[in-house]
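*Asks:* The residues making up each chain are set out below.
There are 2 protein chains.
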Amino acid sequence: QSKRKWFCVILARPYKSSQSGAAAGGGGSTWCGSVRGETKMSQQAANGDRCRAKVLTVETMNPNVKRVEYAVRGPIVQRAVQLEKELKQGAKKPFTEVIKANIGDAHAMGQKPITFFRQVLALCAYPALLEEEKFPEDAKQRARRILAACGGHSIGAYSASQGIECIRQDVSRYIEKRDGGIPSNPDNIYLSTGASDAIVTMLKLLVCGEGRQRTGVMISIPQYPLYSAALADLAAVQINYYLDEDKSWSLDVAELRRSLNAAREHCNPRVLCIINPGNPTGQVQSRQCIEDVIRFAKEERLFLMADEVYQDNVYAEGCKFHSFKKVLFEMGPEYSSTVEMASFHSTSKCFMGECGFRGGYMEVINMDPAVKAQLIKLVSVRLCPPVPGQALMDLVVNPPQPDEPSYTTFVKEKTAVLAALAEKASITEQAFNTMPGFTCNPVQGAMYTFPRISIPQKAIDKAKELGQVPDMFYCMKLLEEEGICLVPGSGFGQRDGTFHFRMTILPPTEKLKIVLQRIKDFHLRFTQEFS
Amino acid sequence: QSKRKWFCVILARPYKSSQSGAAAGGGGSTWCGSVRGETKMSQQAANGDRCRAKVLTVETMNPNVKRVEYAVRGPIVQRAVQLEKELKQGAKKPFTEVIKANIGDAHAMGQKPITFFRQVLALCAYPALLEEEKFPEDAKQRARRILAACGGHSIGAYSASQGIECIRQDVSRYIEKRDGGIPSNPDNIYLSTGASDAIVTMLKLLVCGEGRQRTGVMISIPQYPLYSAALADLAAVQINYYLDEDKSWSLDVAELRRSLNAAREHCNPRVLCIINPGNPTGQVQSRQCIEDVIRFAKEERLFLMADEVYQDNVYAEGCKFHSFKKVLFEMGPEYSSTVEMASFHSTSKCFMGECGFRGGYMEVINMDPAVKAQLIKLVSVRLCPPVPGQALMDLVVNPPQPDEPSYTTFVKEKTAVLAALAEKASITEQAFNTMPGFTCNPVQGAMYTFPRISIPQKAIDKAKELGQVPDMFYCMKLLEEEGICLVPGSGFGQRDGTFHFRMTILPPTEKLKIVLQRIKDFHLRFTQEFS
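Chain order of the listed sequences is R and E. Going by UniProt numbering, the letters in the first sequence line up with residues 1 to 531, in that order. Going by UniProt numbering, the letters in the second sequence line up with residues 1 to 531, in that order.
Just so you know, not all the hints are guaranteed correct.
Which copy is meant is left open, because identical chains are indistinguishable; a pair holds if it fits in one copy or across any two.
With a Cα cut of at most 25 angstroms, we get these calculated PhoX-like pairs of lysine-lysine [unchecked claim]: (1) Lys-204 / Lys-377; (2) Lys-92 / Lys-112; (3) Lys-92 / Lys-513; (4) Lys-66 / Lys-464; (5) Lys-85 / Lys-458; (6) Lys-377 / Lys-464; (7) Lys-414 / Lys-92; (8) Lys-520 / Lys-412; (9) Lys-320 / Lys-204; (10) Lys-177 / Lys-464; (11) Lys-66 / Lys-372; (12) Lys-204 / Lys-464; (13) Lys-140 / Lys-112; (14) Lys-477 / Lys-377; (15) Lys-85 / Lys-326.
No lab work stands behind these hints, which were simulated from the structure alone.
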């Protein structure tokens, strides 16, 4: 502890450039600038050539990175973490706990892991446990199979860069079963470090060209900000198409076409990204809509990216998850042998919610074999996805079967999680729709609600005065006053003049009800304060 | 199985474009081209506008990705995997097993995991085991502490994007202890998905500018190809400086200066990458050399990237690992408060060799606070490094202490691994230096030997005829004839006209001796065949 203090003192002492000149030898250029706090470039530049700023400054860093934004973990979350620390240190706040409903982090919200999955993972981590009678045979069998596929029978060995072969085979079998027998080839499966990794890799492959020939990528608004962040990083052109809030956030091909035609004037649109079930908007696409989208992609020569990480999270009556792959193949060979597509899945969502393991996969369809070779080369640079995450992905796609000892518990746990989520989806929607100043579409699927909120003109003016967007001002105030951490709609994109926030439905039911009540109270106060 | 066959038949059938026109609706553009096999663009383009190639082809993909090369997992490794499959299917080969000495993958080569690490990981994965008496108390205590730092006490929750705070604190304490008390600030620690992830992220931050102002990055030749791959991907300028093979692959500042001055004519050199202990060359830098490098970096205004993932792997007498940070701080505040640096570490190497977990960290020194904010934003897009890998990193930096029950076993296991590696380093060097046509520097550290081999002119001509570089031709032939998988020196870079390969020293001693004997036999045969 005393060392830490000394460190701060040393670094806080302004560095005197006069000390350095001679000792620096040869080139003789020297630097100055405080290490903590702001770098005062302009002031120091005035001190003359021999006194220079740092090599790496915001002015001289990668400009694409500067353009990246990621609201789900943005300033409001940083403030939430700070508030938690203040509470721990005994600070008095109008709340005793910060509830982080900003991110789909199931376990952090109290959801329990699936027992079978964790048993197998423990067996893989410490194979001496395979001798223990306490573990069920099916868990041991799964662990033995995974270990047999690992170099030296250890999950500490690198795997093939594309992922462990028998796991890719299991993924293919899962997809075939899910899609009613439509074949899946393990060579088309790429395991990944969460779905995010695969999405970024796929976008990276797709981006090329300069100026008006630069690749354009169509994304929904509201969107999941991984997409806008990756596009900024890759200096690709983001093409917005708007979901229809008045029709339960549905996707309309006419809007896709409008958006595409507008974009063709300044870039080369080549990719269409879809999130189904929707994040942050929670809609579940109809089969008809998916067919329309596929037809559009074919006509307009767009590579389809289908983000299907919420495929088990469908709650609303009459809604069903249809995979893009299944619909594509049902449309006949004219489509199934031509439309290029990648579909993404993850261990982080659905009923398992195992975000920390960073497991995921993508399946590519109709990808040029020469491009596949380039893709394998690209993923090999990062060596391999985390093997525990690969193992977990295997368990998700190859869970206990009816004749196996862990089946009953597994089904019970899985069903309970999904039933609770369905209940919370309904509670949330109903609560918001009875609050004055709120309108909320049904949470048909996924893990979020994205209600529209009315913000009084005086609050909008106040936000402007503070240099904040109005819904950021709203959410920040909600955090400070109620300890509830949400993400402003502006972080996902929304039609001008409308305001929203994203909230997960993950808190335990009783806590969720409290959260909803507090939001209601806050909104009332907020509206009164600014009217 | 029958489904798979059907799939192949469908896809192998050439798609007839005449079927599609009408059904496609609206736009009316259609595609053609075989799905498997080569896309014959030019031929099809001749069929007219209505018959087009795929959206994503090698011609229309990201050109930076095309320039990426990664020899450690390149064509020779793909052939090795194929050979393994053929052997399994009963094919007759001049060998019964493929030995993959191409990559530093300790567990795959039979090295056993450290018991304590795996016990804690099993406890973290399946906390019900905390009730078991079989696990030692110190393992339980570590697991409880890690779980307490996880959201919902689960390693399935996302962590902070920079990594779990108490683990970053442990990393700082480890660095302080390693460096004789020089302070380390947990805010400067960023946990990562293996060291590769952190290295790529750091390079990404640093690259900017266009044309002659494009960022240049100095890397050693021979190098670890992650660097050249990342630079190609980022379209940065690679600046080569050569290690001195005649002086045990040492680094000479005069060569750094030569290389830098030459590069200044076509780019803006801003970064100097060092790997110590060296990969693939196994040298350990002297304290004096590190001081010279730091002085050079300061004079020339270069951001230092110190890849120190082999910090425990030092074998040669008289050699010692000196961290760049420690030397930097010992040079006084003129250096320690100005030179910008990042140092990288990993769970994959040293005595643990846990590659599959993808754990790692970087420590940044003197980084502009505004850039740090950008860095945190950037890593937040990928949400967080895998939590099991973070947990493992924690155990590496916070292993059992002398008063804890697991201490004796831990020290015994760690010492045994490092002693075996030291023995194998020596065996390897001695063996190569007694083989005609080989010269081999001492393997002072790391996990590889990079011997120089003589290749007869006739073999060079034969390789040219086949369109291969000569050492690739050599290594491919070695693989086919002896089942030994190495990486050609050309994958790492070498002086023109010299030839090398990289081989890990990881195989168990008895197997290593067989490998060395087979290489000797092969080399003799090869030399005779081509002379």
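*Asks:* Each hint: holds or not?
*Replies:* Checked hints:
Proximity of Lys-204 and Lys-377 under a CA criterion of 25 angstroms is satisfied in both settings, with 13 angstroms inside one chain copy and 19 angstroms between copies. Proximity of Lys-92 to Lys-112 under the C-alpha cut-off of 25 angstroms is found in neither arrangement, the shortest distances being 31 angstroms within a copy and 51 angstroms between copies. For the identical chains of this complex, Lys-92 and Lys-513 are intra-copy neighbours only, at 24 angstroms inside a copy versus 68 angstroms across copies, given an alpha-carbon limit of 25 angstroms. Taking the shortest alpha-carbon separations for Lys-66 and Lys-464, only the intra-copy value of 23 angstroms comes in at or below 25 angstroms, while the best inter-copy value is 46 angstroms.
Proximity of Lys-85 and Lys-458 under a CA criterion of 25 angstroms is satisfied in neither setting, with 32 angstroms inside one chain copy and 71 angstroms between copies. In the homo-oligomer, the alpha carbons of Lys-377 and Lys-464 lie at most 25 angstroms apart only across protomers (24 angstroms), although the nearest pairing inside one protomer, at 48 angstroms, exceeds that limit. Taking the closest pair of Cα atoms, Lys-414 and Lys-92 never come within 25 angstroms of each other, the shortest separation being 40 angstroms inside a single copy and 48 angstroms across copies. Taking the shortest alpha-carbon separations for Lys-520 and Lys-412, neither the intra-copy value of 34 angstroms nor the inter-copy value of 61 angstroms comes in at or below 25 angstroms.
For the homomeric pair Lys-320 and Lys-204, neither the shortest alpha-carbon distance inside one copy (31 angstroms) nor that between copies (41 angstroms) is at most 25 angstroms. In this homomeric assembly, Lys-177 and Lys-464 never come within 25 angstroms of each other (Cα to Cα): the closest approach is 53 angstroms inside a single copy and 50 angstroms across copies. Taking CA atoms no more than 25 angstroms apart as the test, Lys-66 paired with Lys-372 passes between copies only; the shortest distance there is 12 angstroms, against 31 angstroms inside one copy. Taking the shortest alpha-carbon separations for Lys-204 and Lys-464, neither the intra-copy value of 36 angstroms nor the inter-copy value of 34 angstroms comes in at or below 25 angstroms.
In this assembly of identical chains, Lys-140 and Lys-112 lie within 25 angstroms of each other by CA distance both inside one copy and across copies; the values are 21 angstroms within and 20 angstroms between. Taking the shortest Cα distances, Lys-477 and Lys-377 sit within 25 angstroms of each other only across copies (22 angstroms), while inside one copy they are farther apart (48 angstroms). Neither within a single protomer nor between protomers do Lys-85 and Lys-326 lie at most 25 angstroms apart by alpha-carbon distance, with minima of 48 angstroms and 32 angstroms respectively.
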